[in-house]
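A.B. asks: Listed here are the chains, written in short residue letters.
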Amino acid sequence: MQVSRRQFFKICGAGMSGSSIALMGFSPTSALAEVRSYKLAHATETRNMCPYCSVSCGVLIYTTGDKSKNAKADIIHIEGDPDNPVNRGTLCPKGAGLLDMVKSPNRLKWPEVREAGSNEWKRISWDDALTRIAKHMKADRDANFVEKNKDGLTVNRWTTFGFLASSAAANEPGYLTHKVLRGLGTLAFDTQARI
Amino acid sequence: MTNHWVDIKNADLVMVMGGNAAEAHPCGFKWAIEAKKERKAKLIVVDPRFTRSAAVADYYAPVRAGSDIAFLGGVISYLLTNDKIHHEYVKNYTNAAYLINPDFKFDGGLFSGYNAEKRNYDKATWSYQLGKDGYAMLDETMQDPNCVFQLMKKHYSRYTPDMVSKVTGTPKESFLKVCEYIADTAAANKTMTILYALGWTQHSHGSQNIRTMAMIQLLLGNMGMAGGGINALRGHANVQGITDMCLFGASLPGYMGCPNEKEPDFKTYIEKRTPKMLRPNQMNYWQNYSKFFVSLMKSFYGNAATKENDYAYDWMPKIDGAYDTLALFDKMHQGKINGFVCQGWNPLASVSNKKKVGDALAKLKYLVVIDPLATDTSEFWKPHGEFNEVDPSKVPTEVFRLPANLFAEQTGSYTNSGRVIQWHWKAADGPGESKDDSEILATLFVKLRDMYAKDGGKLPDPILKMSWPYRNPNKPLPEELAMEINGKALGDVFDPKDKTKVIVKAGDQLASFAQMRDDGSTSGGNWLYCGMWSQAGNLTARRDNSDPSGLGQTLNWGFAWPANRRILYNRASCDMAGKPWDAKRTVIKWTGDKWAGNDVPDMRPNAAPDENVMPFIMTGEGVARLFAPGMADGPFPEHYEPFETPIDKNPFHPDNPKVTSNPAARVYKNDMEVFGKAKDFPYVCTTYRLVEHFHFWTKHSKLNAILQPEQFVEIGEELAKEKGIANGDKVKVRSNRGFIKAVAVVTKRIPTLMVDGKKVHTVGIPIHWGFKGVTKPGFITNTLTPYVGDANSQTPEFKAFLVNIEKI
Amino acid sequence: MALQSLDIARRSATTTPAPGVRQTTEVAKLIDVSTCIGCKACQVACMEWNDIRDEVGSNVGVYDNPADLTPKSWTVMRYAEVEEKGKLEWLIRKDGCMHCADPGCLKACPAPGAIIQYANGIVDFHQENCIGCGYCVTGCPFNIPRISQEDSKAYKCTLCSDRVAVGQAPACAKVCPTGAIQFGSKEQMKDYAAKRVVDLKSRGYDKAGLYDPAGVGGTHVMYVLHHADRPELYKGLPNDPGISPLVSLWKGLAKPVATVAMAAVALGSLFHYVMKGPNEVSKELEDELEKEDAK
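Chains as they are written, first to last, in our numbering: chain A, 1 to 195; chain B, 1 to 808; chain C, 1 to 295.
Chain A with its partners taken away, still in its complex shape (with noise of 0.2 Å):
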């Protein structure tokens, strides 16, 4: 191996300083080589369930605090449940992103209304919003309910309002959704899994 002086020269230059500071007493503490500190050594953990496709894989769920009074939960991490039978901890790009989900800058936090023809969102209360949902929702099915149909038989229907119902809602939600529109008449719902 043929080294010339200049190389020779590089390695001591720059290589060498390390050791030879450490010898002129620039030794580095034994602080130094500790690693980063477990994070999660004292969150709790929530047993869930990714949101995404249809493996449904479990998911732990870590948060600050110890769900005391005054600590406010907030989740810092989410990984793979080893328990759960079929992903046993694993989790995809997307479940693996979850905390990145969870905290989207894109989270609605309150109600909004975009009024006719405006241009622009505006901050209102739930009970605003519910309230003025419910009152367009009256005012339509007492216009457009059908009791009974040309031929005298009763249909019971209300066709004018819609709903798509969530395919990420849970189990009892989506129960409830099904019951309150049946309730209502309606029948022009669908859910995403027809797509």
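Keep in mind that the hints were calculated from the coordinates and are not lab data. There are no misleading hints in this set.
Cβ-Cβ distance ranges computed for the label pairs, FRET-style:
| hint | chain 1 | residue 1 | chain 2 | residue 2 | range |
| --- | --- | --- | --- | --- | --- |
| 1 | B | Asp547 | A | Trp126 | 42 to 48 Å |
| 2 | A | Asp151 | B | Asn556 | 50 to 56 Å |
| 3 | C | Asp7 | B | Asp729 | 50 to 56 Å |
| 4 | A | Leu153 | B | Thr141 | 45 to 51 Å |
| 5 | B | Asp547 | A | Asp151 | 55 to 61 Å |
| 6 | B | Gln287 | C | Val198 | 51 to 57 Å |
| 7 | B | Lys669 | A | Gly152 | 29 to 35 Å |
| 8 | B | Pro469 | A | Trp126 | 19 to 25 Å |
| 9 | A | Gly152 | B | Lys732 | 54 to 60 Å |
| 10 | B | Asn556 | A | Lys122 | 47 to 53 Å |
| 11 | B | Met576 | C | Val198 | 38 to 44 Å |
| 12 | C | Asp191 | B | Gln535 | 48 to 54 Å |
Just so we're clear, the structure is a prediction, and the values are computed from it rather than from any experiment. All C-beta atoms, glycine included, are put in the ideal place defined by N, C-alpha and C.
With the hints as your guide, set chains B and C onto chain A.
C.D. replies: Just chains B and C, lined up with the frame of chain A:
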């Protein structure tokens, strides 16, 4: 899935077609890898693209998008021609031996009974020959020319390897190689599993794609077996559960039907919905229909649903037509819908023909978006450069946007694709003022109820008298709802054999749908879910993952519907005498006095084999249907071209333009006119998902945006050369409905195929971009897609249409 | 013998001998390329666990995103479309630190305690001691470390030393949906790899094998390759990696003998660093030598 995720590891052959399991369901796909590693299983992939599933496959065969029935029909033909079928299974467990009405015909691409004007079939001739006893007649030798077996053989005799290759573009030797892999599993102790998804459903003949494979699995004897089955890998974490809750206008929870105008009263409805027994001694499980329906009405209306008022049958709206998504937006487009709610749905991005959807939304008086995220739909009225060109002053729709909690912020149950219902627990509050879906809906309902109570209005009774037993009416707890779904005894429930014996005390939770009654003594919001929350508590929250059989059944983990059964039709995993076809993978067996083993038997537990109770307990004949009269577009699947076809004709029926595409698919007038032709749009386009993203959600997640930041389209090297497109160039892709612009990814992974003597190129487009998100903004891919759906399910044809492409 | 032992085996630019009494099991991560679907879950898990977020970049005509390792992407997938025997193969390799038994980065590093090798085999960078000189980059035969423009520190995969320290697998290994990434003792991983090689050979990959290159003393991240005879097919995985002759010479010759003799030069470098910042050898010295060599 008839089977479940972990069961994939029990397969000898894993077939991935009509889907891309490695990318769309990576954590489930691990069990395919496990089968390879531990069972020496083979993995084969058939797809228009060399996907990341193909990257780890033993064999890959290309196929033209939209030609799956030609391919699979060819497989049926191969199996029959080469006698690679599981004879005993086919003879006993399918309707192969059943005699069909001699007037049934297939001619010129059409089955008997076609009505060209209505684009549908009168199915009168698609029927069994019935004997005097009312039962279906059989020819056990399967030689009668009118028996299903012979009709099927005749039907698929046209699907020769040469014909398959001509239609699909799959090289003949590749097709035959796939046939050989599949045929190996005809052995009684070999199984194939099929993993499919939207690659089969999103076609104008989507249901028939799946049926063709179901027929193959029946011919091979793979249904009911560990490592077998027909496995739909579904889209969302609870898409299975929401499907089971049947949030479809035409269905009621647990796959019951919404009453229609031909069912004016309760008695007629129950009669029409309860199927007749077609062979002696069968379970014909739907004969319990009335029990499930009455229990549902008791859950909906409680004491207001009485025997005297036919359990409030009149309050149930009578359906007068189609209300699927395509029908719904078409109605909206015609101005027939005034108010609309999108709950966790982003239809502007996810429904075909974005322009039509956007125009339709602009005709609403009010739109309510309930979502955790700022969706594209919620801003359909807002200009976002060239990605969403709109003038807000011309959109009179009032839009409300309500923040909903995400999974991490709520408690409840999800049902996975393998039908396992699992409970999850809230970890933290949602941001700002966001609320659970249940609370949003309940608060809205209570407001409406109060208005009707105070002011009256049209038919207030079903609103005022809806059973609403929740401790906090505005905030039903998931636990309360889960118990309601399960159902309970409203009065004492008696043993039908001994009317003095109480099997469930009044007030107790039901343990099984077998305890449901049609006399008003039980409630239950979804019969299929009965057992999830019995007196033993919330079984969906069980976390014992022990697996003594080693088959991955984990019967004490969560709760699977129905009845905690993990493999459907598992009686078919045994021969007629009740002995497993493969003792090493025993699912259940006849023990001499009962069925038992490593699963909940899909059979009356004491039905001795000599009683001849057949395994497909939901049908009136007890066997599976190779000939399926229930389908809208034919009892046997037939190849039809996509509505936009690169070859302008159906090579099976080149002289009959009426059957170029599915003659029974519904097409709306204005949509028919915007189908493109090959002369203007020469390339087959298919849309799909990437492993790095989830639909239109993860564009809001930075970690996923980093992985696939920018919209792109994929083309093969040959097309790229022809069009002068280099890797990384910006291109414009046009269909007859609009255009998108994106980066070109030029790849060897998209082959050019020879179809009907013509070179056919494919353009592939991942769907994940839009104008809202933390990815680079992109066009809505569904700007391009055609507004037509499958004849049975109305799932839009996203997977095969025509485009042109140019460099910009 | 716990996998999580964090006894130090070696420390950059330090002559203090390492403790050697305790017996420590060597750990290893095995990447079975033949079962990797290139999903990038490992990339996400790595960023998520380590609290880093790379830039949202662009598509440049390939699936590789981010396109290369960066100070914020400690692992990336590299995709190669290769035609073998007329058959398309999509070879997908997870790239990142190999945790060499004989780490070129550590040998080249002039900053005391900036690079640590634990007795279990993990090679870790300690940014608080890093001077950003870039010599680890030169010293690495796999081109792994990256210097951040934001803080002038070198970054790379830590093999999740914080997780391993408490008995967990690295985030990428735990997350991997198909099990293409396995983690355990090096011996377990070699046994597992042997089994995978048998399976691959039975499927027609005659040259399947384990990648555990001897030139760097073996690695604590190993690959199972279908074409172990041609690692370069996998987007330039080096065939026979070794430590740069410059680094080897420096460590082999200079360290034991010339320490004192070099002190003056070293001191010069230190002052140079203090005065002018990191990542530069004295330009004047270099020029001078250049002239001398030219003679």
